[in-house]
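Peer 1: Sequences are here, hints too, so could you generate the full structure?
Just so you know, the sequences run in chain order G and X. Residue numbers are given in this note's numbering: position 83 of the first sequence equals residue 83, and the series is strictly consecutive. Residue numbers are given in this note's numbering: position 311 of the second sequence equals residue 311, and the series is strictly consecutive.
Since the hints were made in silico from the structure, they are not lab data. Even for Gly, the Cβ is constructed at its ideal location relative to N, Cα and C. A hint or two may mislead.
[Claimed, not checked] Here are the computed lysine-lysine pairs in the BS3-like style, where the Cα-Cα straight-line distance is at most 27 angstroms:
1. G:K59 to G:K400
2. G:K413 to X:K36
3. X:K460 to X:K471
4. G:K376 to X:K36
5. X:K29 to G:K426
6. X:K418 to X:K184
7. X:K471 to X:K7
8. G:K362 to X:K29
9. X:K302 to X:K290
10. X:K79 to X:K36
11. G:K59 to X:K79
12. G:K376 to G:K426
13. G:K59 to G:K426
14. X:K206 to G:K429
15. X:K184 to X:K197
16. G:K426 to G:K362
17. G:K227 to G:K279
18. G:K426 to G:K400
19. G:K429 to G:K400
20. X:K29 to X:K184
21. X:K201 to X:K184
22. X:K252 to X:K389
23. G:K59 to X:K302
24. G:K376 to X:K29
25. X:K198 to X:K389
26. G:K362 to G:K151
27. G:K429 to G:K362
28. G:K413 to G:K376
29. X:K316 to X:K206
30. X:K206 to X:K302
31. X:K460 to X:K389
32. G:K426 to X:K206
33. X:K316 to G:K151
34. G:K279 to X:K36
35. G:K279 to X:K290
36. X:K389 to X:K418
[Stated by the list, open to error] Which residues of chain X face chain G? A few of them, derived with a C-beta cut under 7 angstroms, are:
37. I17
38. L46
39. G89
40. L119
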Amino acid sequence: MPYIANTDAQRRAMLEAIGLSAEDLFADVPPALRCGPLNLPEPLSEQQVRGRLAELAAKNHVELTLFLGGGFYDHFIPAAVYALTSRGEFYTAYTPYQPEVSQGTLQAIYEYQSMICRLTEMEAANASLYDGGTALYEAMMMALRRTRRHKILIDDSVNPIYRVMIQSYTRNLNIQLVETANADGLANRRALFDELDDDTAAILVQNPNFFGCIDDYTDLAEAAHDKGALLICSVYPISLGILKTPGAMGADIVTGEGQSLGLPMSFGGPYLGFLATRKEHVRQMPGRIVGRTVDAEGRPGFVLTLQAREQHIRRDRATSNICSNEALCALTALVYLSLLGKEGLREVAQLCADKASYAYQKLTDIPGVRPRFHAKWVFNEMVLDLPRDAGDVIGRLIEKGFAAGFPLSRYYKGMDQSILIAVTEKRTKQEIDMLAAALEDVL
Amino acid sequence: MELIFEKSVPGRRGLTIAQAEVPTSINLKAGLLRDKPAELPELSELDVVRHFTALSRLNFGVDTHFYPLGSCTMKYNPKVTERIAGYPGFAHLHPLLPQLRMGGSLTQGALQVLHEMDLLLREICGMAAFTLQPMAGAHGELTGIMMMAAYHRDRGNQKTTVLVPDSAHGTNPASAAIAGYAVKAVPSDADGLMDLKKLAKALNDKVAGVMLTCPNTLGLFNPHVREICDMIHRVDGLAYYDGANLNAIVGKARPGDLGFDIVHVNLHKTFATPHGGGGPGAGPVGVVDKLVEYLPVSVVVKREDGTYALEYHRPKSIGYVAPFYGNFGVILRAYIYIRMLGATGLERVAENAVLNANYMQTRLRDHYEVPHPQVCKHECVISASRQAKRGVHALDIAKAIIDAGFHPPTMYFPTIVKEALMIEPTETESKETLDAFTDAMIDIARRAETDPDSVTSCPKTTPIGRLDETKAARDMDIACLP
Chain G
1 MPYIANTDAQ RRAMLEAIGL SAEDLFADVP PALRCGPLNL PEPLSEQQVR
51 GRLAELAAKN HVELTLFLGG GFYDHFIPAA VYALTSRGEF YTAYTPYQPE
101 VSQGTLQAIY EYQSMICRLT EMEAANASLY DGGTALYEAM MMALRRTRRH
151 KILIDDSVNP IYRVMIQSYT RNLNIQLVET ANADGLANRR ALFDELDDDT
201 AAILVQNPNF FGCIDDYTDL AEAAHDKGAL LICSVYPISL GILKTPGAMG
251 ADIVTGEGQS LGLPMSFGGP YLGFLATRKE HVRQMPGRIV GRTVDAEGRP
301 GFVLTLQARE QHIRRDRATS NICSNEALCA LTALVYLSLL GKEGLREVAQ
351 LCADKASYAY QKLTDIPGVR PRFHAKWVFN EMVLDLPRDA GDVIGRLIEK
401 GFAAGFPLSR YYKGMDQSIL IAVTEKRTKQ EIDMLAAALE DVL
Chain X
1 MELIFEKSVP GRRGLTIAQA EVPTSINLKA GLLRDKPAEL PELSELDVVR
51 HFTALSRLNF GVDTHFYPLG SCTMKYNPKV TERIAGYPGF AHLHPLLPQL
101 RMGGSLTQGA LQVLHEMDLL LREICGMAAF TLQPMAGAHG ELTGIMMMAA
151 YHRDRGNQKT TVLVPDSAHG TNPASAAIAG YAVKAVPSDA DGLMDLKKLA
201 KALNDKVAGV MLTCPNTLGL FNPHVREICD MIHRVDGLAY YDGANLNAIV
251 GKARPGDLGF DIVHVNLHKT FATPHGGGGP GAGPVGVVDK LVEYLPVSVV
301 VKREDGTYAL EYHRPKSIGY VAPFYGNFGV ILRAYIYIRM LGATGLERVA
351 ENAVLNANYM QTRLRDHYEV PHPQVCKHEC VISASRQAKR GVHALDIAKA
401 IIDAGFHPPT MYFPTIVKEA LMIEPTETES KETLDAFTDA MIDIARRAET
451 DPDSVTSCPK TTPIGRLDET KAARDMDIAC LP
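Peer 2: Now the structure itself:
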């Protein structure tokens, strides 16, 4: 069923109007370059495809109680979010090149940019990037262009998934990427200050960091600025319901993964990279930006602006190659934040912190379970040391119905017994109690 | 329309998220907290629903209007794909689950979708293997060029330059540059195709590869494409196929058979996933045998026992380009589409897309300049150069077509055609729609002769008129701050 409207009679009439046969329309493709019939499975009807995909969906174990985070979280998504973002007027439109027939998308992106600025206390945000990792990479590239320097410092408590992505992207470029080892779960000041020099473009940190620890990077911002470098901070947007903002710390560029703002986990995407900065760096920003202006009659309206930065104008000298971004995911985040509102976001963040705090108490009461770090301040994720290999324990807990956390040995040496546990507002007291009981049972 | 922030009423609440249940035991150090809550709007759920419903009505989309935006393949997006992507077994699946020990068994359904999608794309494109990770077409280009760089590094080749035709999408030179290459444009010949003599002149040992769209952005298929690939291969360069226009030849010809080494496919174009107002898309990349070892990790493999697993240990891999396995939700929708169409369905897609484009070109050629009047593929490029002499430019025609109830074609691209209007109808549109659109275009051409002001003053039916873009760039009002 190829979703084609024209009938055979209509096709004949069209070919007659053109004055060619159906074969003539492909005469420019030499026979030697044609493929025969493709070897694909037989077509399925809608009913068949729904049945088949329901079977595949059933092979995915979404019934597990999730204490798994690692930068990607199981938050509650209000029904109104999808009801609004799935309107065909939004999801079947494209990049708003024609502002007169795209004011819905354009105003929404402007509001999204405003929302990200308010959340992070920054001055400018773009219309979205692919995900938190590519957003951090783009921020790093901005800093390299802005400072015309070659060295990047990155704290190893930045999400390791982002760090491996940045390593891939920079392999063919003339960049010195220096990773500093964390000090007891926090950014290692001494190592960073030692490495910070006149060729350093930026320091990259994350808050809360991959271990869930909360930090205040004001000192790093000041030190970076003293050397003419920038501070780039990746954040977990939900945490900004209560935590000190990167803007208040003096960060120059803020990025993050927007999945937690109303997007389903969807096995890794589509997600949402956000990027915000100060006005002085706007012309180095990658991606689309929407601005407010007026028409000839003075009526306010929205357009894509500062396009001279972009690939369709600047080609090989563009700030980025990005074209399609994650507009619908940005709209999702906007609708989510609008539904929660000022008090709702604060409440969700506080609930995450409270429930994580409760879980921390319950879990560390278990004999042999200890906090890995001395850092007292965590948001909704924590690293605990178990008396046994964490990977094994997680495997045993899967059998009991829990995705209990992430084994840190996957990315960090010497952390074989460490587990990263996340608690969102969705987890109930009963679920936390049951996890504690199950963990005690398997240890 | 008022901004959502202007509708805020202090103290108003939307929904309640969750029950407290546990004591507020957390006692974070004050210095780590924000001084005041983020200035988000305070609204009821109904306020929010009204606001975004009203905003949506200011948009044209494929569901509401004919949207012949050239090079973007704005075809109909089947609703069934939305329904299935919402199944909890897919939507609520945490991407780290398969990375837990024994976790692979928890996501077999999703891994099977990914693996089968790889196989389907291999067959459709004639390639040895695909990565599904790139999250958009341009991201696929970057991934492809990174593999190109890895290949040359591995062979000790000292390559510095990537060639693109002058008609290329802007993303091609931008992607090559970001991956660390210099970019050189090869001019088109009088027929609008890459000039083989000029290509021969540009070729040398420093050339890492060439990036081609085929059919190109003029909608023309280059019958010498195999020759171009052979020429590149003779300097140990690689041929890159930009799949933006795959809709024209899907089921008819395969990039791999044409001689290409690397291919990206825009799932949101050829395979009907929603464009979302500017994404999310997906840009899987396929490669020939000699490049398979450079594919990003992870790779989904099928084991002998019939189960699926993720493979990470690939010493020559370029590494990670995405946090996980790509835009799974988009890949899933495209997978469903391919499974529903099958081989014959896909071939019908190309045939009807090409028929529709040629029908429009035929209907318009007496009224507009058609710089390359030969048979086109899935899109045709016309020029408003005749109308421009009367002061009516491509931009004016685009705005006038809005008043006739259609989304405009792509304007001023490709840049090698003056006053270009690039029209891509796609296969899902009916003859009635094409007739109505071309009638409106013919009427605009007539008015350009008799009453040009009636065209240059458009649009008149939209909530706002043409916007002051200079003011937008100058004022830089890009956020409403408290």
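Peer 1: Does the structure break any of the earlier hints, and which numbers would those be?
Peer 2: 2, 10, 14, 20, 22, 25, 26, 30, 32, 35, 38 and 40
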